[in-house]
Amino acid sequence: MAMKRWIAIIVATVLIFISIGINSLSYIFTRDFNLIFEEMTASGVGYNEVVVEPGTGMDRIAVLSLDGVIQDVQASPFLGTVGYNHQAFMSQLQDVLDDPTVKGVVLAVNTPGGGVLESADIYDAIRAIQLEKEIPIYVSMGGMAASGGYYIAAPAEKIFVHPETITGSIGVIMESVNFSKLAEEIGIDFNTIKSGPYKDMMSGSREMTKEERAMLQEMIDDSYNRFVDIVAEGRQMSVEEVKKVADGRIMNGRQAIEAGLADEFGKTGDVIDALKADYELENATVFEYASLDNFSSLFSMKVQSLFGRNVEAELIGKILTDYQAPRMMYLYGER
60 MAMKRWIAII VATVLIFISI GINSLSYIFT RDFNLIFEEM TASGVGYNEV VVEPGTGMDR
120 IAVLSLDGVI QDVQASPFLG TVGYNHQAFM SQLQDVLDDP TVKGVVLAVN TPGGGVLESA
180 DIYDAIRAIQ LEKEIPIYVS MGGMAASGGY YIAAPAEKIF VHPETITGSI GVIMESVNFS
240 KLAEEIGIDF NTIKSGPYKD MMSGSREMTK EERAMLQEMI DDSYNRFVDI VAEGRQMSVE
300 EVKKVADGRI MNGRQAIEAG LADEFGKTGD VIDALKADYE LENATVFEYA SLDNFSSLFS
360 MKVQSLFGRN VEAELIGKIL TDYQAPRMMY LYGER
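Residue numbers (our numbering): 60 to 394.
You can trust all of the hints, since none of them are fake.
The calculated SDA-like cross-link candidates involving lysine to any residue, where the alpha carbons are at most 20 Å apart (straight line), are: (1) Lys258 to Ser239; (2) Lys258 to Phe238; (3) Lys258 to Glu270; (4) Lys192 to Asp154; (5) Lys217 to Asp288; (6) Lys326 to Asp337; (7) Lys192 to Lys217; (8) Lys217 to Leu190.
Treat the hints as calculated values from the structure; they're not laboratory data. All values derive from a computational prediction rather than experimental measurement.
Can you build the whole structure from these sequences, using the hints too?
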């Protein structure tokens with residue numbers, strides 16, 4: 060009888076230690092690694108340099124890739140980031156500005172555009188590189204470089220496209236959903252208390268007034284005129300020439316070249332070769348930035364499978380609960 064009791068005590072003790080160990084590992088994986096990756100991203104080391112083409116000497120060419128909707132979305136590194144990472148990309152541009160060995164930049168763009176503010180952030184950083192370092196920036200457009208994607212490409216010394224590239228869409232959009240009639244049909248009333256007549260402007264619970272539409276249109280026009288001026292300056296065109304194609308239309312690579320919005324056909328490899336030839340950088344080392352997000356995403360998937368987290372449910376819940384206010388966008392396609 061005593062032996063059975065001792066065996067039971069030992070088994071219980073082992074189970075307790077196993078439970079403690081699993082809980083501790085779960086805590087570490089779901090908290091500490093998340094904090095580590097957050098600190099890495101915040102400190103600008105969420106990526107590293109990878110040599111694409113080795114060269115001789117000190118000169119280097121940086122290849123920066125912008126892929127996805129241009130928006131500043133704070134995603135948990137433990138859950139993995141989705142698409143474009145604005146803070147990481149801005150950090151890469153700053154690294155280029157601070158690195159005296161970088162003598163040229165190839166910007167590979169594949170985006171439908173995005174936020175007005177984020178696009179302006181990138182444009183300002185690109186102009187700082189051009190003005191302070193006096194080095195060339197060539198753009199390689201991928202499948203899409205529309206709206207905000209063209210906004211950030213406009214100041215480049217040369218823009219290369221593929222015949223099937225979708226670009227253009229020069230303009231600004233701001234939209235919201237009005238569900239007031241649907242709400243009325245199903246018997247939903249809205250009780251709104253506001254400090255001024257325009258506080259709920261673009262609310263989905265009521266129709267927009269003419270005065271409100273005029274206010275918003277003035278804002279849109281200001282952003283649109285800045286967009287047109289940036290294209291005119293970057294492409295050395297007149298404002299009138301730009302406005303002929305700056306009506307929101309999209310175009311393919313051939314049409315963009317004919318309209319003066321692009322220079323030549325070529326893929327990223329061709330763009331690198333052209334930059335080398337144009338600026339006597341044949342011996343330069345070509346490198347790109349590799350994101351550590353891939354590792355964190357893969358690691359998080361493994362950990363989530365071990366501890367049974369329902370990531371899909373978490374993400375759906377976040378989408379349903381996050382509030383998205385109407386905002387001005389340099390964006391082609393649906394929000």
